[in-house]
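J.: Produce the entire structure from the sequences given, and follow the hints as far as they go.
Protein chains in written order, with our numbering: chain A, 1 to 418; chain B, 1 to 384; chain C, 1 to 169.
Treat the hints as calculated values from the structure; they're not laboratory data.
Where a beta carbon is used, it is the ideal one built from N, C-alpha and C, also for glycine.
There may be inaccurate statements among the hints.
Pair ranges (Cβ atoms, derived) [as the list claims (entries may be wrong)]: (1) B:G362 to A:A315: 52 to 62 Å; (2) A:Y329 to B:R192: 43 to 53 Å; (3) B:E203 to A:M324: 24 to 34 Å; (4) C:L63 to A:L376: 41 to 51 Å; (5) B:G362 to A:Y319: 54 to 64 Å; (6) C:F10 to A:A315: 53 to 63 Å; (7) A:A43 to B:P199: 28 to 38 Å; (8) C:I158 to A:F34: 57 to 67 Å; (9) B:R361 to C:V18: 47 to 57 Å; (10) C:L63 to B:G362: 33 to 43 Å.
A few chain B residues facing chain A, derived, Cβ under 7 Å [what the hints assert, rightly or not]: (11) I28; (12) P32; (13) F147; (14) R151; (15) I213; (16) E216.
Listed below are the residues making up each chain.
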Amino acid sequence: MLDYINSYLSDTVHVTPGEAGNFFWALVYIIAIFAGLSVAVIAMNWLERKILAHMQIRLGPMRVGPHGLLQPVADAIKLLLKEDILPSEADPLVFWLAPLIVVWTAFTVFIVVPFGPTHAVTDMNIGVLFMLGVSSLSVLGVVTAGWASNSHYPLIGALRSSAQMVSYEIAMGLAVVSAVLMSSLNAEGTGTLSRIGLVQAQEAQQTWFIFKFFPLGLIAFFVFAVAMVAETNRAPFDLPEAESELTAGFHTEYSGFRWSLFFLAEYSAMIAVSSIAVTLWLGGWLRPFPHALTGETWDLVFSLFPGITFMFLAAITFYSVARMPKHPYFRVQTIGLAGFGAVLALIGLALFAPPVRDRIQDVYWFVVKVAGFMYLYIWYRGTFPRYRFDQLMKVGWKVLLPIGLGVLILTAVSGIVF
Amino acid sequence: MPDATKFLSHLELGETDQTFLDSNELIINMGPQHPATHGVLRVILKLDGEKVLGTECVIGYLHRGVEKIAEHRTYTMFNPYVDRMDYVAAVSNGLGYCEAVEKLMNVEAPPRANYIRVILTELNRLASHMLWLGTHALDIGAITPLFYTFRDREEILKIFEKYCGARLTTHAFRIGGCLYETYDGFEQDVTRFLKFVAPKIDEYEELLTTNRIWVERTKKVGYITADDCKALGVTGPVLRASGVQWDLRKAQPYAAYKEFDFDIPTGTNGDTYDRYLVRMQEMRQSLRIIDQAVGKIPEGPIMAKVPKVIKPAVGEIYHSIEAPKGELGYFIVSDGSTQPYRVRVRPPSFVNLQALDQMVRGQLVADVVAVIGTLDIVLGEVDR
Amino acid sequence: MQPVATTFFFYFLSAVTVISGLLVITRRNAVHSALALILALIGQAGLYLMLYAPFVAGVQIILYAGGIMVLFLFVIMLVSIEQSLKEEQFSKLWVVGLVSALALGGLFVAVYLKGKGIFPERVMIPPETSNTQEIANYLYGNYMFAFEIASLLLLVAIIGAVVMAKKRI
Numbered sequence: 001m002l003d004y005i006n007s008y009l010s011d012t013v014h015v016t017p018g019e020a021g022n023f024f025w026a027l028v029y030i031i032a033i034f035a036g037l038s039v040a041v042i043a044m045n046w047l048e049r050k051i052l053a054h055m056q057i058r059l060g061p062m063r064v065g066p067h068g069l070l071q072p073v074a075d076a077i078k079l080l081l082k083e084d085i086l087p088s089e090a091d092p093l094v095f096w097l098a099p100l101i102v103v104w105t106a107f108t109v110f111i112v113v114p115f116g117p118t119h120a121v122t123d124m125n126i127g128v129l130f131m132l133g134v135s136s137l138s139v140l141g142v143v144t145a146g147w148a149s150n151s152h153y154p155l156i157g158a159l160r161s162s163a164q165m166v167s168y169e170i171a172m173g174l175a176v177v178s179a180v181l182m183s184s185l186n187a188e189g190t191g192t193l194s195r196i197g198l199v200q201a202q203e204a205q206q207t208w209f210i211f212k213f214f215p216l217g218l219i220a221f222f223v224f225a226v227a228m229v230a231e232t233n234r235a236p237f238d239l240p241e242a243e244s245e246l247t248a249g250f251h252t253e254y255s256g257f258r259w260s261l262f263f264l265a266e267y268s269a270m271i272a273v274s275s276i277a278v279t280l281w282l283g284g285w286l287r288p289f290p291h292a293l294t295g296e297t298w299d300l301v302f303s304l305f306p307g308i309t310f311m312f313l314a315a316i317t318f319y320s321v322a323r324m325p326k327h328p329y330f331r332v333q334t335i336g337l338a339g340f341g342a343v344l345a346l347i348g349l350a351l352f353a354p355p356v357r358d359r360i361q362d363v364y365w366f367v368v369k370v371a372g373f374m375y376l377y378i379w380y381r382g383t384f385p386r387y388r389f390d391q392l393m394k395v396g397w398k399v400l401l402p403i404g405l406g407v408l409i410l411t412a413v414s415g416i417v418f
Numbered sequence: 001m002p003d004a005t006k007f008l009s010h011l012e013l014g015e016t017d018q019t020f021l022d023s024n025e026l027i028i029n030m031g032p033q034h035p036a037t038h039g040v041l042r043v044i045l046k047l048d049g050e051k052v053l054g055t056e057c058v059i060g061y062l063h064r065g066v067e068k069i070a071e072h073r074t075y076t077m078f079n080p081y082v083d084r085m086d087y088v089a090a091v092s093n094g095l096g097y098c099e100a101v102e103k104l105m106n107v108e109a110p111p112r113a114n115y116i117r118v119i120l121t122e123l124n125r126l127a128s129h130m131l132w133l134g135t136h137a138l139d140i141g142a143i144t145p146l147f148y149t150f151r152d153r154e155e156i157l158k159i160f161e162k163y164c165g166a167r168l169t170t171h172a173f174r175i176g177g178c179l180y181e182t183y184d185g186f187e188q189d190v191t192r193f194l195k196f197v198a199p200k201i202d203e204y205e206e207l208l209t210t211n212r213i214w215v216e217r218t219k220k221v222g223y224i225t226a227d228d229c230k231a232l233g234v235t236g237p238v239l240r241a242s243g244v245q246w247d248l249r250k251a252q253p254y255a256a257y258k259e260f261d262f263d264i265p266t267g268t269n270g271d272t273y274d275r276y277l278v279r280m281q282e283m284r285q286s287l288r289i290i291d292q293a294v295g296k297i298p299e300g301p302i303m304a305k306v307p308k309v310i311k312p313a314v315g316e317i318y319h320s321i322e323a324p325k326g327e328l329g330y331f332i333v334s335d336g337s338t339q340p341y342r343v344r345v346r347p348p349s350f351v352n353l354q355a356l357d358q359m360v361r362g363q364l365v366a367d368v369v370a371v372i373g374t375l376d377i378v379l380g381e382v383d384r
Numbered sequence: 001m002q003p004v005a006t007t008f009f010f011y012f013l014s015a016v017t018v019i020s021g022l023l024v025i026t027r028r029n030a031v032h033s034a035l036a037l038i039l040a041l042i043g044q045a046g047l048y049l050m051l052y053a054p055f056v057a058g059v060q061i062i063l064y065a066g067g068i069m070v071l072f073l074f075v076i077m078l079v080s081i082e083q084s085l086k087e088e089q090f091s092k093l094w095v096v097g098l099v100s101a102l103a104l105g106g107l108f109v110a111v112y113l114k115g116k117g118i119f120p121e122r123v124m125i126p127p128e129t130s131n132t133q134e135i136a137n138y139l140y141g142n143y144m145f146a147f148e149i150a151s152l153l154l155l156v157a158i159i160g161a162v163v164m165a166k167k168r169i
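T.: In structure tokens form, the structure reads like this:
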């Protein structure tokens, strides 16, 4: 058994556990990703409410725990304890199946997300295609949810989302194909759909694809960035769940745990599509300037970033501790916040240790890039009004699709000429 | 609950003989519990997919019988009730009622009272428009302006609170003038507010006016011509956005309005975007009026000579003012007793709501929400 | 990657495909049928994967399960269920169906018994890594003309659909 575990670590470190055919490590990765994703969704819940609140001159959650840090936990408990309502006229089987489809697709795509050259459950030859395909299945969950509720608002939400997701997938696909074309511009002339391969191609060509054939890469990235917001039903394309029009859209009739599954799926889908954007255009796990700033000094500087980040977070936390009111009523909260800061500081310290900081590098840069996209999602939500359905279709078919096609052709031409 | 189909007589439902592949029209109920109907408005929509084929408003969920109550109260006692109609523009409601009764009694409020009335009413117009802007933007999906406008509306409410002790249902005026003298520092407060709010209005405009999505969502949405407005009796910013320069503050000046210099902003297209621009301009014009008024509030009494027991002679009066939402009129019939024989209110929201059906026919579901927002209705006033 | 438990997965995926295929024609509710059909298509995609054709599997999921079936559902959702439950479910031409099913079964049996010679002795395993490139080479190389003809056919179908659906273009 121990040999079996060690065999992956010692011999074939240069491939993912899935490729090495090592069940144990694949399982470890799956569990790690599942746990990390759950934590990320919980953190996103808190962060979104906080960031949005600060954009809107509010404080956001402040009551449950210091600075509302325990709010997601309270929400989760509330959702689990809530009554699970099944509308009397609903189709019970499909009503039960719909959230499962959504969650299943949202989590399955993560088996090909490369957090580092070897940090993925598996690397597929058709990684990007697999990811787009499986995430396109999530629309089935949305559509069946709307239909099974047997109610008018969810039905309209379902109709909207099916049309929206199918049309934006095309623009998304075209943008992806132009990035895949760029990956084939190496000596052998073989492109790849493997997500690890795509990042390695960027490493080999010494540029992120967003800067390749400027501005072609940038435009393709832009098309993808718009389409991915539409694909995940987020503002300003959140028509299937448009609150002011359809009350809650396709999940109007869902409550409690089933509703929380939709919530979970929405956020993990956001992370999933952001990870596609990061791998295709922003160099995946590569640290900034891997070729311009080389040498041991720079390696050291960049490897200190994870620790510094956590230390910075800890410093903010300790500053907040100092600012907590001195009244005895807040004593427990102050101690809790200090404890939270201490945990952050400990993690930061651990990340400074040389064996850890070298291994955590890739994951850190990947997560940082994805986090940037998450912030953008929240920012959009705070800034933009909602598109109308016909305008959404117009943007998808008449703006993004022609741009995507044009970029694809121009990329192909530039690939041949240069 | 009343049967939905009862209200759909004019929607031409037609035969609904269903066959296997018949995608017949969808009838959905928007409200009375719905996030975007501004209270308890119920709109029954007949849809073909997303397209609106017809609407039917069902009102009365907030009916409190304000007009009937008036018949059992003295003129003075009824005064606070009018604040509860359009509760976001309570000062305007009070002004209309007080002036109507004054006109019925042939009393004139003293100039100082009129100046205070103008300042407070215009502040209230600002507050009302700010609330409209926030909720309208929220309906269209921009959630942030709501909090900005509520932050600034708060400053207005603070001035109200300092002046008369109440923030929302102010009951600021009395028949014959004002009850309260301005508090110390009233002028400074108002001037400070003017300085504070002018850049804030620019801030709202920065967020929305040139925002591509906002423009697409509002241009050519809820279009209504000037003739249709006149035919339906639509007034206020909705009428002005259709290009009619009609403002009761200029057309039949009341209070102290003829002493101030201000413009009537008008639109050309009569769509939601123009109504938005008109209201934004109106906010600036209100600032102009307040700026002129606050500097030269005349000295003198704030209350005209009004008998303790108000008992107008037999007669009737119709008096209307320009409330933030349009023409707010009071028709009061007096039988010579201490209680009005009949009070009829012409609420701008109620009359403007009539235009909803015409404005949304042939447009999409999302536009219904935008149009309800742009009509700026308050259900307390629609149902009374 | 070494294939693991090939036989098990083959039978599992085949069972999924066949059972959900049966569900498609036996369920009275059209939406249930459509969901079963999606399951069948996903099972097929799994079978493609086992045949070392990952690209075809991916395309199967994207196009059939993700795209076309969504449009199917889109239409089916608008059908009134009460009406569809009353409709005749199976065609009256069951005699013809039985005969053709028996004929097809007989063909399968005949091929299995007699035609062993037409199957290759040793199964060739194409390289998994260059699957997409291989397909591209075939499609845009050897079978270019057929590919273009097929796309033209689809274009005609699209235009036909638009003409039929829109009264006024």
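J.: Output the indices of the hints that this structure fails to meet, ascending.
T.: 2, 4, 8 and 12
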